[in-house]
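**Student:** Read off the chains here:
2 protein chains.
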Amino acid sequence: MKPTDMAKEGTETTEETEHMIETNGAKETETVVSAGDAKEMRAVILSGFGGLNKLRVTKKAMPEPQEGEVKIRVKACGLNFLDLMVRQGNIDSPPKTPLVPGFECSGIVEAMGENTKGFEIGDRVMAFVNYNAWAEVVCTPLDYVYNMPDDMTFPEAAAFSMNFVAAYMMLFEVANLREGMSVLVHSAGGGVGQAVAQLCSTIPSVTVFGTASSFKHEAIKDSVTHLFDRNIDYVQEVKKISPEGVDIVLDCLSGENTGKGLGLLRPLGTYILYGSSNMVTGETKSFFSLAKSWWQVEKVNPIKLYEENKVIAGFSLLNLLFKQGRCGQVKTVVEKLFSLYNQKKIKPVVDSLWALEEVKEAMQRIHDRGNIGKLILDVEKSPTPLMASDSTETSEAGEEEEEHEGDNDNKERMPFIQ
Amino acid sequence: MKPTDMAKEGTETTEETEHMIETNGAKETETVVSAGDAKEMRAVILSGFGGLNKLRVTKKAMPEPQEGEVKIRVKACGLNFLDLMVRQGNIDSPPKTPLVPGFECSGIVEAMGENTKGFEIGDRVMAFVNYNAWAEVVCTPLDYVYNMPDDMTFPEAAAFSMNFVAAYMMLFEVANLREGMSVLVHSAGGGVGQAVAQLCSTIPSVTVFGTASSFKHEAIKDSVTHLFDRNIDYVQEVKKISPEGVDIVLDCLSGENTGKGLGLLRPLGTYILYGSSNMVTGETKSFFSLAKSWWQVEKVNPIKLYEENKVIAGFSLLNLLFKQGRCGQVKTVVEKLFSLYNQKKIKPVVDSLWALEEVKEAMQRIHDRGNIGKLILDVEKSPTPLMASDSTETSEAGEEEEEHEGDNDNKERMPFIQ
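So the protein sequences, as listed, match chains A and B.
Residue 164 in the working numbering sits at position 164 of the first sequence; the count goes up by one each step and never skips.
Residue 18 in the working numbering sits at position 18 of the second sequence; the count goes up by one each step and never skips.
Please keep in mind that the hints were generated in silico from the structure rather than gathered at the bench.
It is possible that part of the hints are untrue.
Treat identical chains as interchangeable: a pair holds within one or across any two.
As the list claims (entries may be wrong) - Taking lysine-lysine pairs in the PhoX-like style, the calculated list, with each CA pair at most 25 Å apart, reads:
{"no.": "1", "residue 1": "331", "residue 2": "299"}
{"no.": "2", "residue 1": "323", "residue 2": "304"}
{"no.": "3", "residue 1": "260", "residue 2": "347"}
{"no.": "4", "residue 1": "240", "residue 2": "323"}
{"no.": "5", "residue 1": "381", "residue 2": "299"}
{"no.": "6", "residue 1": "239", "residue 2": "323"}
{"no.": "7", "residue 1": "260", "residue 2": "299"}
{"no.": "8", "residue 1": "221", "residue 2": "299"}
{"no.": "9", "residue 1": "331", "residue 2": "381"}
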């Protein structure tokens with residue numbers, strides 16, 4: 001996207017941006033603000049859709065909780081592939097910019113809206129937010145807030161919410177994972193992939209097939225039964241081991257893989273399309289051309305499903321929560337997951353912690369598929385001194401970034417990896 | 001279909017028809033044979049694809065069990081909508097005619113193939129057969145044979161196998177029926193419909209929406225929470241009661257209703273296409289033109305499923321059993337169902353018993369949607385004297401039958417209805 005396309009950025013004032021009016025704009029110098037200012041807070045701002053250069057940390061008016069809302073002093077935020085899609089505007093009905101990205105966080109309850117009960121000030125909580133998570137303070141309806149287990153750290157909670165809830169609902173509510181079944185998951189080293197692997201291990205005799213970049217194999221090999229390099233023909237590899245195919249295919253790749261995934265299903269098997277990481281592989285390509293492929297996916301004939309006894313499903317946790325009002329069902333799932341956590345059967349894998357000011361490097365890392373487990377924005381963390389090889393900080397506004405290819409087998413690991 | 005299209009009927013000799021050579025053909029006079037003849041048996045023969053006139057009872061060589069097979073003295077056979085489709089040739093890869101129709105029966109074990117164990121002579125069994133069920137004797141691999149509960153009658157067992165296994169697998173293995181969910185089933189008065197309603201009643205607080213011809217409503221109203229006439233706009237009616245839709249839609253109507261069914265799903269809901277009763281509503285239409293519409297069903301975009309959090313599935317029990325080798329899984333389901341039967345939580349609804357010689361009338365009844373529950377061919381039953389209004393017996397071979405419209409609200413009930 002060319003800078004001219006974003007000429008209006010920072011000048012639009014919409015409902016979504018009402019808190020941003022005073023501090024929004026091109027105040028590049030305000031990237032670090034004292035946390036002691038009671039009326040303002042630090043937040044990551046996406047000034048317009050595009051590359052990493054559209055992100056910066058700035059001051060924003062502190063939100064106050066409305067009736068039914070909980071005000072949370074944020075400690076940690078989750079970073080997801082979806083956030084890269086949002087940054088590119090590559091989602092259905094993208095919201096207006098500028099906006100504060102982020103859909104999940106953990107922190108401490110600081111206040112409640114009027115007539116709002118269910119939490120005490122000081123409660124340690126995990127929360128879903130419909131944008132705005134990447135900030136020092138966030139307000140969200142209490143239906144999206146959950147008391148954390150005592151033993152869970154804030155980074156773990158921020159790594160837990162979206163990935164484990166999505167993995168659990170896909171495996172146990174959309175599909176029906178039972179003893180002896182087999183599961184194929186792509187990006188097995190990512191946040192969802194690791195959650196899927198762990199949840200599969202809670203059921204006896206489940207075989208997990210995973211694809212991941214080769215350099216991750218050593219780190220994740222114990223969590224997955226059969227690991228394949230993400231560039232090989234996984235269909236052939238799976239069939240060598242299990243000629244009849246697998247019971248559940250979880251596909252975050254989208255589009256061109258639907259046919260391959262369906263073809264790998266055993267009778268009564270379930271293919272679940274849950275994401276779209278293919279959409280952002282070319283960081284600098286126009287997201288409109290990518291969005292086109294998004295809609296050009298293979299259609300499915302129900303009669304073929306009938307003849308082959310197959311199931312195809314789509315799963316979007318955010319739509320479920322924020323468009324479809326299924327908070328009650330998600331709450332039940334969170335309770336089950338916290339129980340598994342307390343039994344030490346599952347534990348979120350945190351790849352690395354990043355300061356808000358390091359959001360670009362964090363996004364680049366997820367884009368390059370460098371992570372094993374979840375990337376976390378640690379709100380109280382100070383930025384780590386830049387490494388010589390890092391260049392994103394020097395990007396100018398509107399500048400096209402280099403195209404980064406994934407699968408760097410010798411990916412340099414950041415010093416703050418846990 | 002014109003008679004000339006069937007000019008070859010009775011003259012083809014294929015592997016499938018090897019037992020038919022001596023007795024097959026136009027020996028119309030042999031429709032009743034003494035059961036005492038050890039080498040021959042009575043069977044319903046479909047001489048070619050087409051109308052009711054393609055069916056007759058004739059003598060056939062008695063089959064003997066191969067290794068791994070069980071020989072069953074048949075007491076009762078189930079009659080399904082699918083059998084009407086087979087008769088019309090309106091299925092994928094139809095087998096060669098002449099053939100003996102029928103996919104399920106109950107009876108007594110009369111012999112076992114060599115080196116075949118697992119049953120005793122005299123065992124009361126329920127069985128699936130890949131064609132050939134509508135006969136006095138049938139042989140089928142022992143994986144498809146199940147010992148019946150002591151209290152179950154032969155007609156009940158023949159009414160049980162396909163309908164309850166299909167209903168159970170759709171509700172509990174393809175979908176994931178749980179407390180508080182809602183289910184929409186079409187043809188609620190039919191065999192599958194009644195099985196679905198009963199299985200839903202085994203789970204607390206399940207709401208069942210059903211469509212059925214109005215004249216059946218009084219008879220089945222206690223089995224279904226909300227009943228609608230099959231000719232009204234059920235989408236509107238369901239939404240009046242449950243604006244958010246339902247969790248599971250079971251659709252045996254096919255094609256044009258897929259979009260309607262998907263539209264009625266709540267988030268995380270499952271649409272299951274399991275059959276095709278629309279295919280045979282015009283009894284005398286060319287089945288080729290019907291087959292065309294079969295393939296012209298609406299395709300489904302996986303991305304739409306993703307955005308709406310929906311699941312679409314196809315279910316074909318026969319393919320699962322006979323093409324996909326899932327006997328083990330079906331056996332587990334049969335065991336669970338027999339347990340529910342023994343606990344008196346489910347009980348097959350038998351609409352009526354028919355002699356083999358009455359197969360045309362039975363088919364007409366299912367075609368006219370006259371039945372409540374299952375139609376059974378009772379192999380030992382003598383034909384009931386014809387009623388004056390019945391005309392199918394007078395059809396000549398090759399004659400086009402009258403077009404019968406369904407939904408005769410004053411459908412005359414046969415005297416042998418249970």
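**Student:** Up to 25 Å between alpha-carbons, please classify residue 240 paired with residue 323: within, between, both or neither.
**Tutor:** Only across copies: residue 240 and residue 323 sit 21 Å apart there, 42 Å inside one copy, limit 25 Å.
**Student:** Treating 25 Å as the Cα threshold, decide for residue 239 and residue 323: within, between, both or neither.
**Tutor:** Cα proximity of residue 239 and residue 323: across copies only (19 Å, versus 38 Å in one copy).
**Student:** Within a copy, between copies, both or neither: where do residue 323 and residue 304 come within 25 Å Cα-Cα?
**Tutor:** Answer is between; shortest inter-copy Cα gap is 14 Å, intra-copy 31 Å.
**Student:** Have a look at residue 381 and residue 299 and pick one of within, between, both or neither, based on CA distance no larger than 25 Å.
**Tutor:** neither (46 Å within a copy, 50 Å between copies)
**Student:** Within a copy, between copies, both or neither: where do residue 260 and residue 347 come within 25 Å Cα-Cα?
**Tutor:** neither (31 Å within a copy, 42 Å between copies)
**Student:** Have a look at residue 221 and residue 299 and pick one of within, between, both or neither, based on CA distance no larger than 25 Å.
**Tutor:** neither (34 Å within a copy, 39 Å between copies)
**Student:** Measure nothing new, just compare the shortest in-copy and cross-copy C-alpha distances for residue 331 and residue 381 to 25 Å and report within, between, both or neither.
**Tutor:** neither (30 Å within a copy, 58 Å between copies)
**Student:** Between the shortest in-copy and the shortest cross-copy C-alpha distance, which are at most 25 Å for residue 331 and residue 299: within, between, both, or neither?
**Tutor:** Neither: 33 Å inside a copy, 34 Å across copies.
**Student:** What label fits residue 260 with residue 299 when the C-alpha limit is 25 Å: within, between, both, or neither?
**Tutor:** For residue 260 and residue 299, the Cα distance is within 25 Å both inside one copy (13 Å) and across copies (17 Å).
When each numbered hint is compared with the structure, violations occur for hints 1, 3, 5, 8 and 9.
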